[in-house]
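K.L.:
The listed protein sequences derive, respectively, from chains A and B. Throughout, the working numbering is defined as the position within the first sequence, counted from one, plus 9. Throughout, the working numbering is defined as the position within the second sequence, counted from one, plus 384.
Errors might be hidden in some of the hints.
[What the hints assert, rightly or not] Quick list of the computed label-pair ranges, beta carbon to beta carbon: (1) A:Ser45 x B:Ile723: 50 to 60 Å; (2) A:Ala78 x B:Gly884: 39 to 49 Å; (3) B:Trp560 x A:His96: 14 to 24 Å; (4) B:Gly423 x A:His96: 47 to 57 Å; (5) A:His96 x B:Gly494: 29 to 39 Å.
Quick caveat, the hints were computed from the structure, so don't treat them as lab data. We put the beta carbon where it would ideally sit given N, CA and C, even for glycine.
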Amino acid sequence: MNAITKNEQNAITRAVLEIDVNNHAGVMSHVVGLFSRRSYNVEGILCLPVGDGRQSRIWLLVNEDQRLAQMMKQAGKLEDVIAIRRHNADHAVFQDLETFFRP
Amino acid sequence: MTETLTGAQITVRLLERQGIRTVAGIPGGAILPIYDALGQSTEIHHVLARHEQGAGFMAQGMARATGMPAVCLASSGPGATNLLTAIADAKLDSIPLVAITGQVPKAMIGTDAFQEVDTYGLSIPITKHNFLVSSAEELLEVLPRAFQIAASGRPGPVLIDIPKDVQTQAIEISQWPEPGRALPAPTANPEQIEQVAAMINAAERPILYLGGGVVHSGASTAAIELAEKASLPTVMTLMALGTMPVDHPLSLGMLGMHAARYTNFLLDECDLLIAVGARFDDRATGKVAAFCPQAKIIHIDIDPAELDKIKTAHIGIAADISEALGQLLPAVLENVRKIWVDRSNQLKAEFPLDMTGADNPRSHFGLIQSVAACLDDEAIIATDVGQHQMWVAQAYPLRRPRQWLTSGGLGTMGFGVPAAIGAALAERERTVVCFTGDGSIMMNIQELVTAAEENVNIKIVLMDNATLGLVHQQQTLFYGERLFASQFRSSPDFIKIAQGFGIAAVDLDSSTNPCATLMEAISRPGPCLIHASIDAEQKVYPMVPPGAANRDMIGA
Numbered sequence: 010m011n012a013i014t015k016n017e018q019n020a021i022t023r024a025v026l027e028i029d030v031n032n033h034a035g036v037m038s039h040v041v042g043l044f045s046r047r048s049y050n051v052e053g054i055l056c057l058p059v060g061d062g063r064q065s066r067i068w069l070l071v072n073e074d075q076r077l078a079q080m081m082k083q084a085g086k087l088e089d090v091i092a093i094r095r096h097n098a099d100h101a102v103f104q105d106l107e108t109f110f111r112p
Numbered sequence: 385m386t387e388t389l390t391g392a393q394i395t396v397r398l399l400e401r402q403g404i405r406t407v408a409g410i411p412g413g414a415i416l417p418i419y420d421a422l423g424q425s426t427e428i429h430h431v432l433a434r435h436e437q438g439a440g441f442m443a444q445g446m447a448r449a450t451g452m453p454a455v456c457l458a459s460s461g462p463g464a465t466n467l468l469t470a471i472a473d474a475k476l477d478s479i480p481l482v483a484i485t486g487q488v489p490k491a492m493i494g495t496d497a498f499q500e501v502d503t504y505g506l507s508i509p510i511t512k513h514n515f516l517v518s519s520a521e522e523l524l525e526v527l528p529r530a531f532q533i534a535a536s537g538r539p540g541p542v543l544i545d546i547p548k549d550v551q552t553q554a555i556e557i558s559q560w561p562e563p564g565r566a567l568p569a570p571t572a573n574p575e576q577i578e579q580v581a582a583m584i585n586a587a588e589r590p591i592l593y594l595g596g597g598v599v600h601s602g603a604s605t606a607a608i609e610l611a612e613k614a615s616l617p618t619v620m621t622l623m624a625l626g627t628m629p630v631d632h633p634l635s636l637g638m639l640g641m642h643a644a645r646y647t648n649f650l651l652d653e654c655d656l657l658i659a660v661g662a663r664f665d666d667r668a669t670g671k672v673a674a675f676c677p678q679a680k681i682i683h684i685d686i687d688p689a690e691l692d693k694i695k696t697a698h699i700g701i702a703a704d705i706s707e708a709l710g711q712l713l714p715a716v717l718e719n720v721r722k723i724w725v726d727r728s729n730q731l732k733a734e735f736p737l738d739m740t741g742a743d744n745p746r747s748h749f750g751l752i753q754s755v756a757a758c759l760d761d762e763a764i765i766a767t768d769v770g771q772h773q774m775w776v777a778q779a780y781p782l783r784r785p786r787q788w789l790t791s792g793g794l795g796t797m798g799f800g801v802p803a804a805i806g807a808a809l810a811e812r813e814r815t816v817v818c819f820t821g822d823g824s825i826m827m828n829i830q831e832l833v834t835a836a837e838e839n840v841n842i843k844i845v846l847m848d849n850a851t852l853g854l855v856h857q858q859q860t861l862f863y864g865e866r867l868f869a870s871q872f873r874s875s876p877d878f879i880k881i882a883q884g885f886g887i888a889a890v891d892l893d894s895s896t897n898p899c900a901t902l903m904e905a906i907s908r909p910g911p912c913l914i915h916a917s918i919d920a921e922q923k924v925y926p927m928v929p930p931g932a933a934n935r936d937m938i939g940a
């Protein structure tokens, strides 16, 4: 599948979530576990500390369906989630990673 | 003044400063430093449960009866895993709980050490929040924060896992943090309140739908005032029973799977549903698409994630209910709404709850009403889970918030006895009645000895049909009467069991005057088990079959 078709497909079926969290052990389980236990598939995960390291940012590539708004509300209730923003699937963050994911 | 204290001493001191006076738990290796410190406390009374789940439900009983966060303690490994059911139950019913567990020393975490289990990981999906504490200093922040989280917004359980070396670590303390209290709740947007008032004023057939959030918010008086001012027939969820007295002229009782016919029929006709602190649970709505099919929906809840989760609201307001109703009340016009109230009364008369046999104290409804006749509204009514729970929900005259303690969301058999003990510990002056079944009581029967030890004023009314009644009912109705694993081939002698555990027991079966025997047992202080056999063929009716619309009730 070439990149253009993939992007087109992503634009229809996927979304990118940008989640600012307190950086401590366990916060990834809180966020990712929320999705998995509601059988909401997460296609891609990126996470790195931000600034002085007290916070991290988690980027999630998710399938977009009618439950996404509810998932974002539930994620927003997590104590360690500071902010959550939604982007379209063509957001740059996952774009340049394909070279690392060749079979 | 600077003191040198261990993590364990700090934990106990912070609990004292938090105002905690009773905790329930069971010690074990990894929490022994905290127990050592707890033993030195002159302010905190420790109740020794006989199973950690019992300790968890005792804390729940305290929290449900008082509305304040309550504390349970367990050791690592099996102690922690045994607590989990009680924590999950608190999550689903939004009960403020702080569970403290011991953990193996930090250096041993991840080594499959003796009694090591990933308590933090296990508790993520069933807590509002959880902590794994990594130093004694951290306790100063974590403990108050745990209480704050448990009590703020939509309440819920918080777990604090404390490794043993953190409990023994000594640090210098010069200043104590403020106790954790509920944060101010979000207030309702006045413009939205105006819209809500306009919708209520314009509605012809509105119904007020109260949920457990009304209890948590202390908003039952405001809800009743709203109902009275605008003449709103009012339904309650299982969790909200007691918020409007069941004999209030506007009360339609409980809605949903085991509602009276008139309740579900009237909901079918309403043009406006005002959901307050309710979450459109499947047992309340039945088939969602067919729930209040003609109604516009107003939804007020403190948890924004509940808005539009099951039903899309025409107006959704994320706010504290007391505050929102306080704003709403002056904006709503007085309205006698005669046609609609008449219609409600007509359906009530036409399709009442069938309580045939209620005049016989040996029938299920008769027993419940005979117990009620021995008590006033000051009593606390706890239940276990099953047929008895639904019958009590249908037939007991509940008249005040926090009178009613029941496991709603998780539906946990074994809840009743320890929750009743907890309620009795928290509210010593009240009589606490626990309705239970022979299936449920066996799931935490070990706590009878705790009841004896604490000499709590609980009356356990055991409705014994020698079956798992709701399973028996569903197999009879929906599985071609193929009864399997729902009838006990052997039943214990519950009178001897109670006496063996050290509490009084009476058997209504052998009593020539069951009402007099009941009255005597209930008015005698201290714990007592009251055994009554009931007919296993009795069903909880009406019943909405699972997955069906509420209007399609079967039975009675």
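K.L.:
All hints, please: hold or fail.
P.N.:
Here's how the hints hold up against the structure:
1. A C-beta distance of roughly 51 Å is found between Ser45 (chain A) and Ile723 (chain B), which places it inside the suggested range of 50 to 60 Å.
2. Under the hint 39 to 49 Å, the C-beta atoms of Ala78 (chain A) and Gly884 (chain B), about 56 Å apart, miss the expected range.
3. Between Trp560 (chain B) and His96 (chain A) the C-beta distance comes to about 44 Å, which lies outside the given range of 14 to 24 Å.
4. In this structure, Gly423 (chain B) and His96 (chain A) meet the distance hint of 47 to 57 Å, their C-beta atoms being roughly 55 Å apart.
5. About 36 Å separates the C-beta atoms of His96 (chain A) and Gly494 (chain B), a value consistent with the hinted range of 29 to 39 Å.
Consistency note: the structure conflicts with the earlier hints numbered 2, 3.
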